[in-house]
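Chemist: Sequence:
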Amino acid sequence: MSSVRTPKQQRGIETRKQIIKAAFKLFAEKGIHGTNSTEIAQKAGISIGSFYSYFKNKKVLLLEMLEGYVEEHYKMVWRKLDGFNLDELDRDKINAIIASVFEAYDIAPEFHRQTHALRYSDLDIKRIYDRERVRQVDQIQYLIEKNINHLVHIKDPHIAAMVIHNAVENVAHTAKFMGSDIEEGRLVGGLADMISGFLLGDSGSAG
Numbered sequence: 001m002s003s004v005r006t007p008k009q010q011r012g013i014e015t016r017k018q019i020i021k022a023a024f025k026l027f028a029e030k031g032i033h034g035t036n037s038t039e040i041a042q043k044a045g046i047s048i049g050s051f052y053s054y055f056k057n058k059k060v061l062l063l064e065m066l067e068g069y070v071e072e073h074y075k076m077v078w079r080k081l082d083g084f085n086l087d088e089l090d091r092d093k094i095n096a097i098i099a100s101v102f103e104a105y106d107i108a109p110e111f112h113r114q115t116h117a118l119r120y121s122d123l124d125i126k127r128i129y130d131r132e133r134v135r136q137v138d139q140i141q142y143l144i145e146k147n148i149n150h151l152v153h154i155k156d157p158h159i160a161a162m163v164i165h166n167a168v169e170n171v172a173h174t175a176k177f178m179g180s181d182i183e184e185g186r187l188v189g190g191l192a193d194m195i196s197g198f199l200l201g202d203s204g205s206a207g
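For the sequence shown, counting from 1, position 19 maps to 19 in the working numbering; every step adds exactly one.
Please keep in mind that the hints were generated in silico from the structure rather than gathered at the bench. Among the hints, erroneous ones may be present.
[Stated by the list, open to error] Just the calculated beta-carbon pair ranges, DEER-fashion:
# : residue 1 : residue 2 : range
1 : G189      : K17       : 33 to 43 Å
2 : K25       : Y74       : 16 to 26 Å
3 : D130      : I107      : 13 to 23 Å
4 : Q42       : D181      : 35 to 45 Å
Since this is a predicted model, take the numbers as computed values, not measurements. Yeah, the Cβ is synthetic: ideal placement off N, Cα and C, and Gly gets one too.
Sequences are here, hints too, so could you generate the full structure?
Modeler: Written out as structure tokens, the structure reads:
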């Protein structure tokens, strides 16, 4: 078997993208465990030998896909921060961030659901999700610390960030992966009310 190469020319880059695109489709249709490298190569329109020149095996491909996915998910969640005055946190800003979390779950919901379940049995996948969890909590903690002088109820920003992350993640997971009879906007609004009350008290604003 030839060594794995990192494509530098446009054709090789496009082939790599085609492999990843094909894998996303097959994983959604047949499941990660129900899909093999040969099927991915066929779906991408390449030979199995060509597949192995880009990826050592399906597991390596899966981990690269997951790395790319969590990065895209993170950017989607926090994409509105550039337009915020970060040291003037209020309910509307909290609501906007939570809405972005729910939108981020729509990037590749079936891939997220399957890989999130695999973190209990695959240490490599667990490491990626654990690292991403730390990054998300750190970002929430950063926002809290930017407003700490106004958040009179918050004594431990890290614990507060963990609590907020867990609350939003659990509600979003339930809504997106298990289904909910409650309209999504109401869930987002309820979380925003709860978190703004927790952080800001009765004022609804850190200003």
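Chemist: Each hint needs a verdict: does it hold in this structure or not?
Modeler: Hints versus structure:
A hinted range of 33 to 43 Å holds for the C-beta pair G189 and K17, which are about 38 Å apart. A C-beta distance of roughly 23 Å is found between K25 and Y74, which places it inside the suggested range of 16 to 26 Å. Roughly 20 Å separates the CB atoms of D130 and I107, a value that falls within the hinted 13 to 23 Å. The hinted range of 35 to 45 Å is satisfied by Q42 and D181, whose Cβ atoms lie roughly 40 Å apart.
When held up to the earlier numbered hints, the structure conflicts with none and fits them all.
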